[in-house]
Amino acid sequence: MNKKITNKRDWARRQPPIEGSEFELKAWLFMRISGLLLVFLAVTHMFIMHIFNDTLNLDYEFVATRWDDYTIRAFDWGLLSLSLLHGGNGVRIVLHDNISNPTVKKVSIIFLFLIILSFFFLGSYGLLTFVSQI
Amino acid sequence: MSNQNNLSTGLPYRGRTGMWLYILHRITGIGLFGYLLMHIISTTLILLGPEIYEGAEAVYKNFYFRITEILLMLAVLLHAINGLRIIAIDLWSKGTNYQPQLNSIAIIVFFAIWIPASIKMVNSYFDICLEKSSEGTTIVDCMIRPIPDWKKSE
Chain D
1 MNKKITNKRD
11 WARRQPPIEG
21 SEFELKAWLF
31 MRISGLLLVF
41 LAVTHMFIMH
51 IFNDTLNLDY
61 EFVATRWDDY
71 TIRAFDWGLL
81 SLSLLHGGNG
91 VRIVLHDNIS
101 NPTVKKVSII
111 FLFLIILSFF
121 FLGSYGLLTF
131 VSQI
Chain R
1 MSNQNNLSTG
11 LPYRGRTGMW
21 LYILHRITGI
31 GLFGYLLMHI
41 ISTTLILLGP
51 EIYEGAEAVY
61 KNFYFRITEI
71 LLMLAVLLHA
81 INGLRIIAID
91 LWSKGTNYQP
101 QLNSIAIIVF
111 FAIWIPASIK
121 MVNSYFDICL
131 EKSSEGTTIV
141 DCMIRPIPDW
151 KKSE
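Chains as they are written, first to last, in the numbering used here: chain D, 1 to 134; chain R, 1 to 154.
Among the hints, a few may not be true.
[To be verified] Here are the computed distance ranges between Cβ atoms for each label pair:
1. 111/D / 31/R: 15 to 23 Å
2. 45/R / 70/D: 35 to 43 Å
3. 135/R / 57/D: 15 to 23 Å
[To be verified] Heads up, simulated SDA-like pairs for lysine to any residue below, C-alpha to C-alpha not over 25 Å straight-line:
4. 106/D / 90/D
5. 120/R / 106/D
6. 120/R / 61/D
7. 132/R / 28/D
8. 132/R / 69/R
9. 120/R / 58/D
10. 94/R / 28/D
11. 26/D / 86/R
12. 106/D / 37/R
13. 26/D / 93/R
14. 106/D / 33/R
15. 94/R / 110/R
16. 106/D / 27/D
[Said to hold, decoys possible] Okay, the calculated bits of chain D under chain R, using three or more residues with CB under 8 Å as the criterion:
17. 88 to 96
18. 105 to 115
Bear in mind the hints are in silico, worked out from the structure with no lab data behind them. Backbone N, C-alpha and C define an ideal beta-carbon position, used for all residues, glycine too.
Go ahead and model the full structure; you've got the sequences and the hints to work with.
If you want it as structure tokens, here you go:
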């Protein structure tokens, strides 16, 4: 069975899995721990916004009232940072698994890192500096 | 590179429940990451004041986006519940012994939460639309109007 039967569109033609370093072991564990926290944070957020309230009623005042409470800002900041880290690492693994060219892989992972960093600062800036205008 | 020399079915794994859950986990994960970036931008627009923020939110207030929101709920619940299944297999010492059962439980729990949630989201859409719109508005109006002009009737 040494013959290559795979073709270009073959889903099985993926790269060997990421493994073999202390960092990857920690990243693997981080995905489990942050995933567990995100099940609580993200599902709670979804239920508050879409089930107990309706997004049709979402307006400036609604968010301003919510963010008056600093516990909710802390909750949202936890959701922002954990989802960016968890999602970012997830996309990094997807990029690793599906790009064979090492240069393209490296460039896209650097690009991904810059996206995560800038969205983290953008979101944190919004959450920390928001002052209600009404 | 030995994994590229195997006799291949053209699928990542053996083509059963676990493989499809793995594929759905990746698809929903990438979708959620994309939505997350959009959501951070649209929420940060709140710094620019009520008019711009509510203008951006108005894009979401139509029936087509309600369907998208139901798909978003699908992605979140599927990724969350399947994630708990993965954690159980990886970190619970007996997890690997119960993989078929865990697959079934994950699928059942997902539908048990997602279906009622979807029904609530659709019902709530029509309730609010009919309540806020002028008299004579029908459910069909609520579905086909791109952005219901509710501010006028208030």
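Now the hints, each set against the structure:
no.	hint	in the structure
1	111/D / 31/R: 15 to 23 Å	holds (19 Å)
2	45/R / 70/D: 35 to 43 Å	violated (22 Å)
3	135/R / 57/D: 15 to 23 Å	holds (21 Å)
4	106/D / 90/D	holds (15 Å)
5	120/R / 106/D	violated (44 Å)
6	120/R / 61/D	holds (24 Å)
7	132/R / 28/D	violated (49 Å)
8	132/R / 69/R	holds (20 Å)
9	120/R / 58/D	holds (17 Å)
10	94/R / 28/D	holds (19 Å)
11	26/D / 86/R	holds (16 Å)
12	106/D / 37/R	holds (21 Å)
13	26/D / 93/R	holds (19 Å)
14	106/D / 33/R	holds (20 Å)
15	94/R / 110/R	holds (22 Å)
16	106/D / 27/D	holds (18 Å)
17	88 to 96	holds (count 4)
18	105 to 115	violated (count 1)
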